[in-house]
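A.B. asks: The residues making up each chain are set out below.
Protein chains: 2
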Amino acid sequence: MTNKIKLNHGDGGTKTNELIREIFLKSYGEEGEVCLSDSFVFTTKASKLAYTTDSFVVQPVFFRGGDIGKLAICGTLNDLATAGAKPLYVSAGFIIEEGFDIEALCQIARSMGEVCKRNGVKIVTGDTKVVEKGSADGIFINTSGIGVVSEQYSPCEIEPGDEIIITGTIAEHGTAILLDRYDLAIETNIKSDCCALSHLVSDLEIMLPYIKQMKDPTRGGVATVLNEIAEYAGFNVELLENNIPISPQVKAVNEILGIDPLYLACEGRMLLVVKKGNGSKILQLLEEFCGCREAQMIGCFTADRQKLVYMQTKIGGKRVLPSLESQTVPRIC
Amino acid sequence: MTNKIKLNHGDGGTKTNELIREIFLKSYGEEGEVCLSDSFVFTTKASKLAYTTDSFVVQPVFFRGGDIGKLAICGTLNDLATAGAKPLYVSAGFIIEEGFDIEALCQIARSMGEVCKRNGVKIVTGDTKVVEKGSADGIFINTSGIGVVSEQYSPCEIEPGDEIIITGTIAEHGTAILLDRYDLAIETNIKSDCCALSHLVSDLEIMLPYIKQMKDPTRGGVATVLNEIAEYAGFNVELLENNIPISPQVKAVNEILGIDPLYLACEGRMLLVVKKGNGSKILQLLEEFCGCREAQMIGCFTADRQKLVYMQTKIGGKRVLPSLESQTVPRIC
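So the protein lines, in turn, are chains D and X.
So for the first sequence, UniProt numbering puts the first residue at 1; every next one is plus one.
So for the second sequence, UniProt numbering puts the first residue at 1; every next one is plus one.
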């Protein structure tokens, strides 16, 4: 096999098959798998399924803490988790620029395989297209996923007093991408928080009936995602700045860059809206059983109906956090 | 809304929501739909499901007989049909180049909506990413799909004597793309055969037990797809040139261009491998009930085990049709 992707790797002929067999099946397929079929057929006894999709265009493709492959699988598993679903199957569609390094592609495929293996999920259907040099920026990956929704989870209407939890420190993915993309000469150990959160659905199972909403704060960060939830819920959100978990390094870098970390993406954190009075119990579970030692209760819904997100600042002030209006960092995922 | 796509249409904030509400939901959503959720949840009693994905990078985006949106939905519905599945739900992931025309995007979304409506299928989950000008070529679409597999269909081992049917004239999609891409000054009515074949699963239901394999000959055309099936089956294929349905216009254009139409993509045709002796009956059904008036029995499997595809030519010769080795037309779908 040559060491660069050529146009005929995407023509559906012998070269495409070589790519599938030599790279994709070796990285995340089953021994001896034959992939003649255009559709994967499966049987299931589960009656309630979740289905999601995401495309990934992150730049750079390799970043501190991960790569586009890891991100593509984690992103879809996390979207399934927001629906209270344990992942079953994933699809992977590649759009690759002619000339892309084949060793890089192997590394990306291996990352995908690793996340799948760790989370007991299989990539069962895929597609590869190659476009001419200059018609794409390296590699884009689309994943979709199917999962089984836990019987315990049935999101319901948000009410004043409902509590908001974040499962870990914020803005690490966004900051990592910024540092790598612009090759900023800042000495730091920051890396992306990119990871799969499927385990939360099992680990929190007994408390799922008290969880009213789950959402991973990716593009637009915690502030934008809470605005969406406030809009949907019809009530205001009140955040406590003091409670928002953020590493000193991430805080420092964002201060230097003049960026508000509340608008930067996480790729391994979940926002939970929990029924009033259940926050502490869930927080304890998160800390003790889910390995989320930095989880925090960051605020709650109030009875005000402007659907705004407010923050009680450390110095006792109050400021509105609007929804993201302009790109903080493009191509974050 | 401005008339060109901007980077912040893909940042997950208010502009992204505007795009989803104003274009995607209006084109193929439900009245009053709220799309806060990252995952679509559904219940099903079906025990056997099919799952597939494809990315679409066709160039040009609008072509005689269709556009990338129509193609993206038809392609996925047809992949589900190859598994004997009636489509249930579809996902749509967009990667759009900054500066792409918003009216063109509307037209593409409408095309997607029309095919979905006609085939009783819904787009239930999606994603939009925007990349900087020069980082993609206009628009790329990924679709995935879930369908319910007919209990009547259980593909089984191919044996010598099994017959091969094509449901209509070949190479029309590939030829249409060639004409439009290179703006060839040839006067012709050729247009892409791009269409959804989901109806075949219902229309042929009583004969599904006699169908051993279905495959839509897209990239690489009829010749490449038959090579894949021969490889999998372990037997040779013998085609009859006289029986291969091809319109005189397509034939003429391909002669001028020096291209073999057996290697050009169809996007609305199905190849069926049927149990020996059942070809005529299925052909009759295709003609009378499925509107496939140009369907033909084009060959059969023989007892030879070289896994080659031969063609009996019109002048009495015999030639091998190898699998596609080099790109005939890139970015055909």
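Just to be clear, a hint being listed does not mean it is correct.
Same chains, same names: a pair is fine if it fits in one copy or spans any two.
To be verified - Simulated pairs of lysine-lysine, DSSO-like, Cα-Cα distance not exceeding 30 Å:
hint, residue 1, residue 2
1, K26, K275
2, K276, K133
3, K275, K122
4, K122, K314
5, K251, K122
6, K307, K6
7, K122, K276
8, K133, K4
9, K133, K6
10, K4, K45
11, K117, K251
12, K45, K122
13, K117, K48
14, K133, K281
15, K117, K45
16, K191, K6
17, K48, K122
18, K26, K307
19, K318, K117
Hint data in this document are derived by calculation from the structure and do not stem from the laboratory.
A.B. asks: If the cut is 30 Å between Cα atoms, do K191 and K6 qualify within a copy, between copies, both or neither?
C.D. replies: Intra 33 Å, inter 29 Å, cutoff 30 Å: inter-copy only.
A.B. asks: Please sort K4 with K45 into within, between, both or neither, judging by C-alpha distance up to 30 Å.
C.D. replies: neither (44 Å within a copy, 46 Å between copies)
A.B. asks: If the cutoff is 30 Å on CA atoms, where do K117 and K48 land: within, between, both or neither? Let me know, please.
C.D. replies: both (23 Å within a copy, 24 Å between copies)
A.B. asks: If the cutoff is 30 Å on CA atoms, where do K251 and K122 land: within, between, both or neither? Let me know, please.
C.D. replies: The answer is neither: 37 Å in one copy and 43 Å across copies each exceed 30 Å.
A.B. asks: With identical chains, the pair K133 and K6 could be close in the same copy or across copies; at 30 Å between alpha carbons, which is it: within, between, both, or neither?
C.D. replies: Close inside one copy (9 Å) and across copies (23 Å); limit 30 Å.
A.B. asks: 30 Å Cα cut-off: does K122 pair with K314 within a copy, between copies, both or neither?
C.D. replies: neither (46 Å within a copy, 47 Å between copies)
A.B. asks: Regarding K133 and K4, is the shortest C-alpha distance of 30 Å or less found within a copy, between copies, in both, or in neither?
C.D. replies: Close inside one copy (11 Å) and across copies (24 Å); limit 30 Å.
A.B. asks: At 30 Å max between alpha carbons, let me know whether K276 reaches K133 within a copy, between copies, both or neither.
C.D. replies: For K276 and K133, neither the intra-copy (55 Å) nor the inter-copy (47 Å) Cα distance is at most 30 Å.
A.B. asks: Classify it for me, K122 with K276: is the Cα-Cα distance of at most 30 Å met within a copy, between copies, both or neither?
C.D. replies: Close neither inside one copy (37 Å) nor across copies (36 Å); limit 30 Å.
A.B. asks: Please sort K275 with K122 into within, between, both or neither, judging by C-alpha distance up to 30 Å.
C.D. replies: neither (34 Å within a copy, 33 Å between copies)
A.B. asks: At most 30 Å between C-alpha atoms: does K133 with K281 qualify within a copy, between copies, both, or neither?
C.D. replies: For K133 and K281, the Cα distance exceeds 30 Å both inside one copy (54 Å) and across copies (49 Å).
A.B. asks: Should K307 paired with K6 be assigned to within, between, both, or neither, using CA atoms and 30 Å as the limit?
C.D. replies: Answer is between: at 27 Å across copies they meet the 30 Å cutoff, but 51 Å inside does not.
This entry does not satisfy hints 1, 2, 3, 4, 5, 7, 10, 11, 14 and 19, going by the numbered hints stated previously.
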